Amino acid sequence: MKISATRADKLATVVFQFSAWLSVVVLAGIFTLLLYNGFKAFDRIRPQEFFLGYTWNPSGYSAPHYGVLSLLGSTLLVTCGAMVIAIPLGIGTAAYLSESAPPRVYQILKPVIELFAGIPSVALGFIGITILSPVLAHVFGLSNGLIALNGAILLALMALPTIITVSEDAIRAVPKTFREASFAVGATRETTLWRVTLPAAMSGIITAVMLGFGRALGETMTVLMATGNALAFPGGFFEPVRTMTAAIAIELGETAQHTTHYYALFAVGALLFAISLLVNILSETIARRFRYSQS
Amino acid sequence: MILSLLISNKIEIQHLDLFYGAKQALKSVSLSIPEKSVVALIGPSGCGKSTLLRSINRMHDLDPKVRLDGEILLDGHNILHGNTNLNKLRRRVGMVFQKPNPFPKSIYDNVAYGLEVNGIHDKTRIRAAVEESIRESYLWDEVKNDLDKPALDLSGGQQQRLCIARAIAVEPEVILMDEPCSALDPISTAKIEALILRLKERFTIVIVTHNMQQAQRVADFTAFMYLGELIEFGRTSAIFEQPNQELTRNYVSGHFG
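For the record, the sequence lines run as chains A and B.
The opening position of the first sequence corresponds to residue 1 in this note's numbering, with each subsequent residue numbered one higher.
The opening position of the second sequence corresponds to residue 1 in this note's numbering, with each subsequent residue numbered one higher.
For reference, chain A alone in the conformation it holds in the complex (with noise of 0.2 Å):
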C-alpha cells in the first residue's frame, strides 16, 4: 500500500536530496580545487624535489626549497606519537566504562568525555604553551618545551573522546551472549575481555582508532601552537617540527597568489588529502575484513 505523498513531503524530500547531494558537490569541489591548484606548483617545482626533498624553505636567499619531507615527518611524527599514547589508554578507558564501571561513576565520566571533545583546539595549545611545555622542558632537562611530544600529548588528548566514544559503543554492541558463553566456562572477567569480548568489537575499535588518527592528521591549531615551528626535519619527539597543517596555516596568508610557494602549499594540502583518502579507505577495509565476526 502506497501512502500518497503531500505537498510538505514532497517539498522535504527535494530540500534534504538537494543538502545531500551539495555535501557531495562541495567535496568533489575541495578536493579538485586542491588538486588543480596543486599540480601547478610542478610546472615550477621538480615533483622529485617536491616528494623526495627533506628542505621545507620557500623564503630561501639564495634558491628556496620546497622539499615536503620535512613536513610529512613532522606530521607522522606527533600524529604517530599520539596514536602510541591515544590507543592503549582509550581502548583501556571504553573498556573499563563499558564493562566495569559503577553506574553512578559512569554517569560522571561520559558527559565528561564526550565535552572534553568539545574543547576548542586553540584553548589547547593555550595549555600546550602555558603549562604542558614548561612541564616537558623541566622533566627533560629542555632549554624550550614546544617540541613534537608536547603537540602529540595534546593530539592524543584531542583524539581520545572520539576512540573511547566509538570503542565503547563497539564492546557496547558485542552480543552478551559471547561473555555468557565464556563465565560459563570458567573464565575470568579479564579473561573474557582480553580474549573474547574486545576480538569481537575489534572492527569497531578499529574505525574508532582511525577516527582518531585522522583527527589528529588535520589538527592545526594545537600543533601550530605548541610544537614550535622548526623547518628542519624532525630529530625526534624532543625536536621542533613543523607540521603540513601547521606550515599551511602559517605561510598561505603571507603569501603572494599564484607564485610558486603559493601553489606549493595546495600541493601539501592535497597530498594531505590524500592521506587522510587513504587512511578512511584503509580502515574501511580493514573494519569490514574483522565485521563479518559480529553477528
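Just so you know, the hints here were simulated from the structure itself, not pulled from any lab data.
Only a predicted model underlies this, so the values are computations on that prediction, with no experimental measurement involved.
Some hints here could point you the wrong way.
Here are some, though not all, of the chain B residues that point toward chain A, as calculated from beta-carbon distances under 10 Å [to be verified]:
#1 80
#2 82
#3 86
#4 170
We put the beta carbon where it would ideally sit given N, CA and C, even for glycine.
Keeping the supplied structure of chain A fixed, place chain B upon it in accordance with the hints.
Below, chain B without anything else, positioned relative to chain A:
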C-alpha cells in the same frame, strides 16, 4: 522426598527465592536433581524455569539487581555461599544457551578456549581434548577437515553441537541447557536429543524446554513450574501421565501455556 533416598543427588535446591529488584521471580523452590540423569524444567513463559537454571551456575551474578536466598547444594556444598569461586563452579557446571553462541573464532579455538582459560597449555593435550569433545558431540565427521574455519560459518544445528563440545571439553559434572533446540530445525533437534541421551551417561543434565514431547523423549525427571513456584516434580512418565496437580494436568495436556 522419596527419590532422594533411592538415588544420590548431585544438586539439592532448598527454599530458593530469587528477586529481580523488588519482583520475586522464584518462590521457595526446592528440587533434588539425581546424579547422571536428565531433568527437564517445563512451564509457561515467565514461570521462572530459565531463571532457576541460571541460578545453578550463578549466571545471575552478572546482574547486580538479582538477589538470591536459600541454598543450592552441589555435592553437599552450598554454592550460593559468598566465598564460592565462580570460575571453578562454572567449570564444574557448564552451560549451553538458547541461541547457539559460538565465539567469532575458529571451530578449534572455540573448543580449546575453555581448556586454555582453565590453565591447560599443553598443545597435544588440548588437541586431544578438542577432538574427543567434538567426537562426543556427534560433529567430528562434519568438521574434521575444517577445524580452522570460522565457527560462525557452520549451520545453526552444527553451531549448537559445537557449543555442547565447548561445554564438555572442560569436563564439567553438570550441564545446564537453556532451551538448546528452540532455534533449530527438527533434524538438528533430533541430533541434539540423541546427544543428550548419550551425555547423561557421563554428566548430570538439567534442560529447560518449551517442547513437551522433547521433555518426554529425553528427561528422566520433569519439574513443572508456574509463576515462580515449583508445582510438581517427579518421574517424567508420572508428570505426563498421572500428574497429582490439576495445574500440571492442564499444562501438559495443552490447556494453557
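Against the structure, the hints come out as follows:
1. Restraint check, residue 80 of chain B versus chain A: the minimum CB separation of about 17 Å is more than 10 Å; hint violated.
2. Because the smallest distance between the Cβ of residue 82 of chain B and any Cβ of chain A comes to about 17 Å, over 10 Å, the interface hint for this residue is violated.
3. At its closest, the beta carbon of residue 86 of chain B sits 8 Å from a beta carbon of chain A; the interface hint therefore holds under the 10 Å criterion.
4. A least Cβ separation of about 5 Å between residue 170 of chain B and chain A falls short of the 10 Å threshold, and the interface hint therefore holds.
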